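Engineer: Sequence:
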Amino acid sequence: DQYKSIGMNVTVWTDDDYWVDGAKDHEQRNFRITNETLPAYAQDRLVYRQKIFYHGCLKQLKRENRTWTAVVDADEYIAFNYLDESSSEGVPSWCYTKHRFDGHLDERRQCKETCSSFNLTCDTKNRDRHQFYCKIPDCANKYQRKSFRTKLNQSATAAEHIHKHFDRQFAMNDCIVLARYLFSSRGSNKKAIEKDVDESFNATLFHTLRYRLRTELDNAQPGKSIIDVSRYDRRTVTSPHRLHSKCLSEGNAYVDNFMMSFRVHHYVGSWESFRLRGYELFMQRNYQPRWVVDDTTPQYTAKEGTRTWLSQFTMLVGSEKALDLTERIRVREEREVEQIFLN
Numbered sequence: 001d002q003y004k005s006i007g008m009n010v011t012v013w014t015d016d017d018y019w020v021d022g023a024k025d026h027e028q029r030n031f032r033i034t035n036e037t038l039p040a041y042a043q044d045r046l047v048y049r050q051k052i053f054y055h056g057c058l059k060q061l062k063r064e065n066r067t068w069t070a071v072v073d074a075d076e077y078i079a080f081n082y083l084d085e086s087s088s089e090g091v092p093s094w095c096y097t098k099h100r101f102d103g104h105l106d107e108r109r110q111c112k113e114t115c116s117s118f119n120l121t122c123d124t125k126n127r128d129r130h131q132f133y134c135k136i137p138d139c140a141n142k143y144q145r146k147s148f149r150t151k152l153n154q155s156a157t158a159a160e161h162i163h164k165h166f167d168r169q170f171a172m173n174d175c176i177v178l179a180r181y182l183f184s185s186r187g188s189n190k191k192a193i194e195k196d197v198d199e200s201f202n203a204t205l206f207h208t209l210r211y212r213l214r215t216e217l218d219n220a221q222p223g224k225s226i227i228d229v230s231r232y233d234r235r236t237v238t239s240p241h242r243l244h245s246k247c248l249s250e251g252n253a254y255v256d257n258f259m260m261s262f263r264v265h266h267y268v269g270s271w272e273s274f275r276l277r278g279y280e281l282f283m284q285r286n287y288q289p290r291w292v293v294d295d296t297t298p299q300y301t302a303k304e305g306t307r308t309w310l311s312q313f314t315m316l317v318g319s320e321k322a323l324d325l326t327e328r329i330r331v332r333e334e335r336e337v338e339q340i341f342l343n
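Residue numbers for the sequence shown follow UniProt numbering, beginning at 1 and rising by one.
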């Protein structure tokens, strides 16, 4: 109810609201997981439940006349894909081998549309006239890439960026896979966390302020999809990473990030909540060396005039309302959980 007071439309579903029985036993609504259930069945049920939930959700949002919808988890956030000036991204992969499109698509149409959205031209390979590529005049493509992604500063919100047609991909495609980046469990120092945050807040409670080390931009996790539900044709959802086969991507759950308007930030929280028991040393050895400070997000930079999302939200709804909708809700829920264990 508190979120509805500021115009948010919050819908809470149970399994009964979207469940459709499948042909297999573990796809039945009344199937119960017990100690005797094979792990493979439990995993298959989880995947099936996920697919029909997203399918039902997309259909419902289409009935409500919604448009672009991000299919992300509660610990994931859509962020503008600001150019990394320190450039850990490197030269785009299609600078080495011109970008080839999937054979199951209408290659000529796909090539022309995608290349034109980047102000490039479509070409064919000399030895194979049936494979189409984006022809890049300057293989490094740094200036063009920088020009496109610095335009992101001209929009206040993701919705405005889409509707102002800065990125033609959103007109040409009804589903786009966005690169996803993991943020480390290692917190920043308190002074950095509290920078430009109202004194009323405990900034260390906010993951998006506390954790600002991420994997490099050329080391993405499997992506997540953003889809225009007004154009959703009710096709079967295959995965939250790539909702269906026509979602713009590299043919799977990964995508070339260098020309994308948005990316997904994945916050795992504290090390204690994220670590896998028995794999602590493996995770530290394989993940921590890859962390870099995210200097691309405005709230983390030292540029004059930039504000954290929390300070902007406070300006929008007021200090008390902002506290009620963020920090106080978390503190109250933690106390309720604590009481359950104590009782």
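Mixed in with the good hints there might be a few duds.
Stated by the list, open to error - Derived CB-CB ranges, DEER-like: (1) Gln339 / Val47: 28 to 36 Å; (2) Ser319 / Asp75: 24 to 32 Å; (3) Glu333 / Thr238: 30 to 38 Å; (4) Glu320 / Asp196: 31 to 39 Å; (5) Thr37 / Gly269: 45 to 53 Å; (6) Gln221 / Asp196: 28 to 36 Å; (7) Glu160 / Glu338: 36 to 44 Å; (8) Asp233 / Asp198: 27 to 35 Å; (9) Arg332 / Ala23: 14 to 22 Å.
Simulated from the structure, these hints should not be mistaken for laboratory data. Keep in mind the model is a prediction, meaning the values are calculated, not measured. Beta carbons are placed, not taken as given, at the ideal position from N, Cα and C, and that holds for glycine.
Engineer: Hints first: check each against the structure and report whether it holds.
Structural biologist: A quick look at each hint next to the structure:
Separation of Gln339 from Val47 is about 34 Å and conforms to the stated range, judged on CB atoms against 28 to 36 Å. Checked against the given bound of 24 to 32 Å, the beta carbons of Ser319 and Asp75, roughly 26 Å apart, stay inside it. Between Glu333 and Thr238 the C-beta distance comes to about 34 Å, which sits within the given range of 30 to 38 Å. For the hinted restraint 31 to 39 Å between Glu320 and Asp196, the CB-CB distance of approximately 19 Å leaves it violated.
Taking 45 to 53 Å as the suggested C-beta distance range, the pair Thr37 and Gly269 does not conform, at roughly 29 Å. At about 29 Å, the beta-carbon gap between Gln221 and Asp196 stays in the expected band of 28 to 36 Å. Evaluation of the 36 to 44 Å hint for Glu160 and Glu338 yields a pass: the beta carbon distance comes to about 41 Å. Separated by about 46 Å at the C-beta atoms, Asp233 and Asp198 break the suggested range of 27 to 35 Å.
Separation of Arg332 from Ala23 is about 44 Å and departs from the stated range, judged on CB atoms against 14 to 22 Å.
Of the numbered hints listed earlier, those contradicted by the structure are 4, 5, 8 and 9.
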